[in-house]
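Q: All chains should be modelled from the sequences, with the hints used to inform the complete structure.
Chains as they are written, first to last, in our numbering: chain X, 595 to 866; chain L, 595 to 866; chain B, 595 to 866; chain C, 595 to 866.
Keep in mind that the hints were calculated from the coordinates and are not lab data.
Any given hint could turn out to be false.
Treat identical chains as interchangeable: a pair holds within one or across any two.
To be verified - Mimicking EDC-like on lysine to aspartate or glutamate, the simulated pairs with C-alpha atoms at most 16 Å apart in a straight line are:
hint, residue 1, residue 2
1, Lys749, Asp641
2, Lys749, Asp684
3, Lys683, Glu751
4, Lys683, Asp634
5, Lys683, Asp750
6, Lys749, Asp837
Number of protein chains: 4
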Amino acid sequence: MARLGENRWGKSAVRISKVHRGADQDDFTDLEVQILLRGDVAPAHLDGDNGAVIPTDTMRNTVYALAQEHLGHDLESFAASLCDHFLAKDRIDSATVSIAEQRWQRVGSHGFIGGGSERRVARVTAGGADSGIWAGVEGLVVLKTTGSAFVGFPKDEYTVLPEAEDRILATSVTATWRYSAVPADTSATWEEARALLLERFFDDWSASVQHQGWMMGQALIDAIPEIDQVELRLPNQHHIPFDLARFGLEYQGTVFQPVAEPYGDIALTVIR
Amino acid sequence: MARLGENRWGKSAVRISKVHRGADQDDFTDLEVQILLRGDVAPAHLDGDNGAVIPTDTMRNTVYALAQEHLGHDLESFAASLCDHFLAKDRIDSATVSIAEQRWQRVGSHGFIGGGSERRVARVTAGGADSGIWAGVEGLVVLKTTGSAFVGFPKDEYTVLPEAEDRILATSVTATWRYSAVPADTSATWEEARALLLERFFDDWSASVQHQGWMMGQALIDAIPEIDQVELRLPNQHHIPFDLARFGLEYQGTVFQPVAEPYGDIALTVIR
Amino acid sequence: MARLGENRWGKSAVRISKVHRGADQDDFTDLEVQILLRGDVAPAHLDGDNGAVIPTDTMRNTVYALAQEHLGHDLESFAASLCDHFLAKDRIDSATVSIAEQRWQRVGSHGFIGGGSERRVARVTAGGADSGIWAGVEGLVVLKTTGSAFVGFPKDEYTVLPEAEDRILATSVTATWRYSAVPADTSATWEEARALLLERFFDDWSASVQHQGWMMGQALIDAIPEIDQVELRLPNQHHIPFDLARFGLEYQGTVFQPVAEPYGDIALTVIR
Amino acid sequence: MARLGENRWGKSAVRISKVHRGADQDDFTDLEVQILLRGDVAPAHLDGDNGAVIPTDTMRNTVYALAQEHLGHDLESFAASLCDHFLAKDRIDSATVSIAEQRWQRVGSHGFIGGGSERRVARVTAGGADSGIWAGVEGLVVLKTTGSAFVGFPKDEYTVLPEAEDRILATSVTATWRYSAVPADTSATWEEARALLLERFFDDWSASVQHQGWMMGQALIDAIPEIDQVELRLPNQHHIPFDLARFGLEYQGTVFQPVAEPYGDIALTVIR
Numbered sequence: 595m596a597r598l599g600e601n602r603w604g605k606s607a608v609r610i611s612k613v614h615r616g617a618d619q620d621d622f623t624d625l626e627v628q629i630l631l632r633g634d635v636a637p638a639h640l641d642g643d644n645g646a647v648i649p650t651d652t653m654r655n656t657v658y659a660l661a662q663e664h665l666g667h668d669l670e671s672f673a674a675s676l677c678d679h680f681l682a683k684d685r686i687d688s689a690t691v692s693i694a695e696q697r698w699q700r701v702g703s704h705g706f707i708g709g710g711s712e713r714r715v716a717r718v719t720a721g722g723a724d725s726g727i728w729a730g731v732e733g734l735v736v737l738k739t740t741g742s743a744f745v746g747f748p749k750d751e752y753t754v755l756p757e758a759e760d761r762i763l764a765t766s767v768t769a770t771w772r773y774s775a776v777p778a779d780t781s782a783t784w785e786e787a788r789a790l791l792l793e794r795f796f797d798d799w800s801a802s803v804q805h806q807g808w809m810m811g812q813a814l815i816d817a818i819p820e821i822d823q824v825e826l827r828l829p830n831q832h833h834i835p836f837d838l839a840r841f842g843l844e845y846q847g848t849v850f851q852p853v854a855e856p857y858g859d860i861a862l863t864v865i866r
Numbered sequence: 595m596a597r598l599g600e601n602r603w604g605k606s607a608v609r610i611s612k613v614h615r616g617a618d619q620d621d622f623t624d625l626e627v628q629i630l631l632r633g634d635v636a637p638a639h640l641d642g643d644n645g646a647v648i649p650t651d652t653m654r655n656t657v658y659a660l661a662q663e664h665l666g667h668d669l670e671s672f673a674a675s676l677c678d679h680f681l682a683k684d685r686i687d688s689a690t691v692s693i694a695e696q697r698w699q700r701v702g703s704h705g706f707i708g709g710g711s712e713r714r715v716a717r718v719t720a721g722g723a724d725s726g727i728w729a730g731v732e733g734l735v736v737l738k739t740t741g742s743a744f745v746g747f748p749k750d751e752y753t754v755l756p757e758a759e760d761r762i763l764a765t766s767v768t769a770t771w772r773y774s775a776v777p778a779d780t781s782a783t784w785e786e787a788r789a790l791l792l793e794r795f796f797d798d799w800s801a802s803v804q805h806q807g808w809m810m811g812q813a814l815i816d817a818i819p820e821i822d823q824v825e826l827r828l829p830n831q832h833h834i835p836f837d838l839a840r841f842g843l844e845y846q847g848t849v850f851q852p853v854a855e856p857y858g859d860i861a862l863t864v865i866r
Numbered sequence: 595m596a597r598l599g600e601n602r603w604g605k606s607a608v609r610i611s612k613v614h615r616g617a618d619q620d621d622f623t624d625l626e627v628q629i630l631l632r633g634d635v636a637p638a639h640l641d642g643d644n645g646a647v648i649p650t651d652t653m654r655n656t657v658y659a660l661a662q663e664h665l666g667h668d669l670e671s672f673a674a675s676l677c678d679h680f681l682a683k684d685r686i687d688s689a690t691v692s693i694a695e696q697r698w699q700r701v702g703s704h705g706f707i708g709g710g711s712e713r714r715v716a717r718v719t720a721g722g723a724d725s726g727i728w729a730g731v732e733g734l735v736v737l738k739t740t741g742s743a744f745v746g747f748p749k750d751e752y753t754v755l756p757e758a759e760d761r762i763l764a765t766s767v768t769a770t771w772r773y774s775a776v777p778a779d780t781s782a783t784w785e786e787a788r789a790l791l792l793e794r795f796f797d798d799w800s801a802s803v804q805h806q807g808w809m810m811g812q813a814l815i816d817a818i819p820e821i822d823q824v825e826l827r828l829p830n831q832h833h834i835p836f837d838l839a840r841f842g843l844e845y846q847g848t849v850f851q852p853v854a855e856p857y858g859d860i861a862l863t864v865i866r
Numbered sequence: 595m596a597r598l599g600e601n602r603w604g605k606s607a608v609r610i611s612k613v614h615r616g617a618d619q620d621d622f623t624d625l626e627v628q629i630l631l632r633g634d635v636a637p638a639h640l641d642g643d644n645g646a647v648i649p650t651d652t653m654r655n656t657v658y659a660l661a662q663e664h665l666g667h668d669l670e671s672f673a674a675s676l677c678d679h680f681l682a683k684d685r686i687d688s689a690t691v692s693i694a695e696q697r698w699q700r701v702g703s704h705g706f707i708g709g710g711s712e713r714r715v716a717r718v719t720a721g722g723a724d725s726g727i728w729a730g731v732e733g734l735v736v737l738k739t740t741g742s743a744f745v746g747f748p749k750d751e752y753t754v755l756p757e758a759e760d761r762i763l764a765t766s767v768t769a770t771w772r773y774s775a776v777p778a779d780t781s782a783t784w785e786e787a788r789a790l791l792l793e794r795f796f797d798d799w800s801a802s803v804q805h806q807g808w809m810m811g812q813a814l815i816d817a818i819p820e821i822d823q824v825e826l827r828l829p830n831q832h833h834i835p836f837d838l839a840r841f842g843l844e845y846q847g848t849v850f851q852p853v854a855e856p857y858g859d860i861a862l863t864v865i866r
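A: See the structure below:
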């Protein structure tokens, strides 16, 4: 004779980002949230009666909806407000909200360096036609809360993307450059190249990832005489405005859903 | 003096699943698609003029839209039809479409076992209050194209999920059971338990993941006397109907977007 | 005033493979083991006195040493024998051993297909000089317990690898082939190509990964007229004989340590 | 008629770390190296003649051997010296060496913070017996090049680990603490707790991971009155001295092999 023991349900891996817009600078919060509920749901298990089973999709929506008003730097407070929200529902006995915040390092007023996937790379081929010396950086995650647009693109029957005069731009930079002559101090040159890539990403307004990438590659060619070619790969790490209007909320341009897949995949080569 | 070299743009990691409904049985296709275009987009890089830059979001939509009509078992043919679609656009010179198909193993008329993450697990604790012997399976990915519903759930201001009388149900089963007595042949008992879990998943109609999980756990308790407790964790691997109506297409209930995150996270314990 | 609460220590992610050699066929077991101990180790925490702290490296060695004699198909029994071994030590109160077994599918007498990372791939490029149609398979994990050697290689001051007249060979096949003409039924041709790759891997004795790869690629060229080029990448997934002699045990050629990194990285192209 | 086209072989994912010992402070380099060779190895493919096939295991050993003398901050120079080494061998036509360097942030004279996996976490449970507020950090990777020992442990027939009076200690800190009362500013308290964890890891000599962990947990209890319990999980990310003596080289205590698996798995709770 079987009977129901401990049980819970919820939503895991809810990713949410929020821009805290300020007069002089923006802050940026990047979270992964999990909500787990316990309650009087034995009828759902035993009889297929979902009368108390709050859909996990609703839990997800609630995270975004409450984030617009309640999400600040105090994660525990935001978690508590989510708990309170669900505890007020019928037949819910307990709520657990877990939050993990990705750390970003501020650069300037609207820029951030994230993650820790960054690696300096070097590649030397000797012997044969492909001989050469390459240096580069991979996994350099950068994000800016403003300073990027995407408008004027062609439309067809499958286009629903709205034009964006101002949007979040985030990418994981992979840049590789070829040395026609080895610099005197390859580490110093690498640091200079990295600084130029960041400067052009954070300081230059761009009309697209392509436009941004061109300015980044061009800067290396212009500033470092030993470099004769730059290859850039710039996956677009989309942060989608989350539609709060369907909940009767006015969207304030602060709450976003980061999506890992699919992603825009932009690559270009800049040559001297 | 910098100039633009090789470049391309596109969309990577477009995940799409399609059910090929048949009279007696369904087929199921699970793809990851990448589209890369080359064309006359130097103005986008150099001047921020996006006139030829087909948005990668449009590429994604096109995959789903064309899949409804064109996606069968011939992947090369589907890739070619996507190439043709984009080559017909202004200022596009070349298109590359790459497809990777996850393999699923058919079980019965509407069921599939997927992935290869499945592992048999065993855990023994000796000494102390927690002593016991546990066995189980983890990462057993299963999907059925019909035989699952989710209706009658509570609604609030953040609920947009439609009721579903019939939906795809997919999960990665983690089931662990405790032996009150060690079976004579633990491998044979493990095989029996695994078969029961699959049978109940594929054969029993369910009103929710919770309902499905209960029937799976109950079956182990009923059939195997040495088991006195079963813990199940059943993440809901959502396959979302892709909205084709906004492109003027009639949705035929065959094209879905699998999403890895967030996911419904359901766990329960069944005890004797 | 702080005091020590619950604590435990152990070794996680101990990977071990064992060949069960039979008269007509071999069996193969592939495990990941975790050992966690509890005991009287407060002095280690508070005073740095390691008198009861069995090194986790010793735990690892014990897994391999006991596996030679005790590891069969009954995982619970092997876990229990490890528990007993550690419980017999001074000041150990409790032991938990967890095992996860990767599932392999037998092919023939000494071959196995593993994992579930296998994907069918297709790639079409239209427009431009690179136009073409490619098909392939990736992540097809295969292992054979005999039928592969590696001898006669050059030695220098950094060579310690012993010659092996007979060894385990395992790889994750990525094979991609170009069609000069599209086959009538691309799915049937794909199945034929996959079957040929497996046949040549499992049936043909090889003197190296390179040798094995050549026979696999050659088979596709010979059998399928539409294929004019095959690219193979065959990472060598090493299974290292675990040195039991230092424990006074005679090594029986059955217990191995699979290592994920580094790995031998072999690639070749076969053309018509 | 099949013939051999492009081919190469090598070793990928060779992980190596090096300590650059200085009078006042150490530097630390953490690399992943790949070596790929091309040469006259058609006989290996076609006839199983390995006369020119330098074993990939030898390539790996060469990385460690040359690193002791040649590896500094100039990655391109180290890559070039590896290329030169292999090009000097018989029947080798071309060598490509790729290096990726993980970036570590210096803290004090012998400490480093690595990776970017660090996340601030918060967990609130409301309703039911488990109610409580937890905060913490996960994935905080730290390493020190000195200031840790492991001696005086019990030995048995499977113990081969040498006693170490001074070793590299590296871990990925997961620390979670429970608040008996919510601090006025949870973000400020979190920063304080993180700083204490780092201080105790980098400043306190330890006799084991257990000893280090105790001091870390104790510091939180002592300094922050709102915390009544700390849970720590400290996987030991081993850096194994690479045995160069078998190549006739004197080991200088600077070259290590980081291994991802298996890993020592230490957990403890510190309570008020």
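Q: Hints first: check each against the structure and report whether it holds.
A: Against the structure, the hints:
| no. | hint | in the structure |
| --- | --- | --- |
| 1 | Lys749 / Asp641 | neither (50 Å within a copy, 20 Å between copies) |
| 2 | Lys749 / Asp684 | between (47 Å within a copy, 11 Å between copies) |
| 3 | Lys683 / Glu751 | between (43 Å within a copy, 12 Å between copies) |
| 4 | Lys683 / Asp634 | within (11 Å within a copy, 47 Å between copies) |
| 5 | Lys683 / Asp750 | between (45 Å within a copy, 10 Å between copies) |
| 6 | Lys749 / Asp837 | neither (22 Å within a copy, 18 Å between copies) |
Checked against the numbered hints above, the structure violates hints 1 and 6; every other hint is satisfied.
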